[in-house]
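One letter stands for each residue in the lines below.
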Amino acid sequence: NAGVMQNPRHLVRRRGQEARLRCSPMKGHSHVYWYRQLPEEGLKFMVYLQKENIIDESGMPKERFSAEFPKEGPSILRIQQVVRGDSAAYFCASSLSPHGRGGEKLFFGSGTQLSVL
Amino acid sequence: GENVEQHPSTLSVQEGDSAVIKCTYSDSASNYFPWYKQELGKGPQLIIDIRSNVGEKKDQRIAVTLNKTAKHFSLHITETQPEDSAVYFCAAIGYSGAGSYQLTFGKGTKLSVIP
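Protein chains in written order, with our numbering: chain F, 1 to 117; chain H, 1001 to 1115.
Just so you know, the hints here were simulated from the structure itself, not pulled from any lab data.
Note that beta-carbon positions come from the ideal geometry of N, C-alpha and C, so glycine has one too.
Careful, some of the hints might be misleading.
[Said to hold, decoys possible] Residues from chain H shown here face chain F by an in silico Cβ test under 8 Å; the list is partial:
{"#": "1", "residue": "N1031"}
{"#": "2", "residue": "G1043"}
{"#": "3", "residue": "D1049"}
{"#": "4", "residue": "R1051"}
{"#": "5", "residue": "F1089"}
{"#": "6", "residue": "I1093"}
{"#": "7", "residue": "G1097"}
{"#": "8", "residue": "A1098"}
{"#": "9", "residue": "G1099"}
{"#": "10", "residue": "Q1102"}
{"#": "11", "residue": "L1103"}
{"#": "12", "residue": "F1105"}
{"#": "13", "residue": "G1106"}
{"#": "14", "residue": "K1107"}
{"#": "15", "residue": "G1108"}
[Unchecked claim] Mimicking DMTMM-like on lysine to aspartate or glutamate, the simulated pairs with C-alpha atoms at most 20 Å apart in a straight line are:
{"#": "16", "chain 1": "F", "residue 1": "K105", "chain 2": "H", "residue 2": "E1039"}
{"#": "17", "chain 1": "F", "residue 1": "K44", "chain 2": "F", "residue 2": "E63"}
{"#": "18", "chain 1": "H", "residue 1": "K1107", "chain 2": "F", "residue 2": "D86"}
{"#": "19", "chain 1": "H", "residue 1": "K1037", "chain 2": "F", "residue 2": "E104"}
{"#": "20", "chain 1": "H", "residue 1": "K1042", "chain 2": "F", "residue 2": "E41"}
{"#": "21", "chain 1": "H", "residue 1": "K1110", "chain 2": "F", "residue 2": "E41"}
{"#": "22", "chain 1": "F", "residue 1": "K105", "chain 2": "H", "residue 2": "E1002"}
{"#": "23", "chain 1": "F", "residue 1": "K44", "chain 2": "F", "residue 2": "D86"}
{"#": "24", "chain 1": "F", "residue 1": "K44", "chain 2": "H", "residue 2": "D1027"}
{"#": "25", "chain 1": "H", "residue 1": "K1022", "chain 2": "F", "residue 2": "E40"}
{"#": "26", "chain 1": "H", "residue 1": "K1037", "chain 2": "H", "residue 2": "D1049"}
{"#": "27", "chain 1": "F", "residue 1": "K105", "chain 2": "H", "residue 2": "E1056"}
Just chain F, same shape as in the assembly (with noise of 0.2 Å):
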């Protein structure tokens, strides 16, 4: 029973390039969550999607980050020109159901580190 993968698990881009990275829920969920984390900081939310949908980007910067999750295949975080601000690794969640007001048990993956140069 395979839980949340992500990859890559490091990443290295130069500034100006482009980053992908992937996340394949847990088997049965449809509901992922990106998550970013700085050194010495919890993790900001970004996005959750549900499959084909992206129900709520509010915490994803307005430039350059885009997101989705495909009918078929792992969802993707995208991050075009990439500065060294980027730099952090980026968590990827999934869950069987969407939280509510009660909430629900996020399960996340190893996340990907990415360093930008």
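Starting from the known structure of chain F, fit chain H onto it as the hints suggest.
Coordinates of chain H only, in the frame set by chain F:
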């Protein structure tokens, strides 16, 4: 939106002693409070969660207490072991303002258990 404060940021205890980590939240409507453990180089792992209809929940050496009136909740680890050393995050559910509910995390507590 929700704001979660977590204390202390670092905590060292002797093996066998207890450890307590405290969090406060701002949104009185929040009613789901999970705790995550993150080991070096790994993703956060859910260790225990509590909903507002209970004041305490226990799972072996781990317990969480919730005081809704004061808007704070705490993680208690008894009989600590070296493998408990990790960063612990609290979180609270809150309305994102954009159509969904999302978790807001504290900044974490680095727990070191000294053998």
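Checklist entry - Going by Cβ atoms only, is I1093(H) closer than 8 Å to chain F? => result holds, 4 Å
Checklist entry - Taking 20 Å as the top limit, are the C-alpha atoms of K105(F) and E1056(H) close enough? => result holds, 18 Å
Item to check | Interface hint outcome for F1089(H) [beta carbon to chain F under 8 Å] | outcome: Cβ of F1089(H) sits 6 Å from chain F, so the hint holds.
Checklist entry - Holds or violated: are the alpha carbons of K1110(H) and E41(F) at most 20 Å from each other? => result At roughly 11 Å apart (the allowed maximum being 20 Å), E41(F) and K1110(H) satisfy the hint.
Checklist entry - Taking the closest Cβ pair, is G1097(H) under 8 Å from chain F? => result holds, 6 Å
Next on the checklist: Can you confirm whether the C-alpha distance between K1037(H) and E104(F) stays at or below 20 Å?
Outcome noted: holds, 17 Å
Checklist entry - Can L1103(H) be said to touch chain F, with a Cβ gap under 8 Å? => result Holds, about 7 Å.
Item to check | Holds or violated: K1037(H) to D1049(H), with C-alpha atoms at most 20 Å apart | outcome: With a Cα-Cα distance of about 12 Å, the restraint between K1037(H) and D1049(H) holds, given a limit of 20 Å.
Checklist entry - Does E41(F) lie within 20 Å of K1042(H) when you go C-alpha to C-alpha? => result holds, 15 Å
Checklist entry - Going by Cβ atoms only, is A1098(H) closer than 8 Å to chain F? => result holds, 4 Å
Item to check | Pair hint K105(F) and E1002(H), alpha-carbon separation not exceeding 20 Å | outcome: Holds, at about 18 Å.
Item to check | Restraint outcome when G1108(H) is required to lie within 8 Å of chain F by C-beta distance | outcome: holds, 6 Å
Taken one by one, the earlier hints all hold for this structure without exception.
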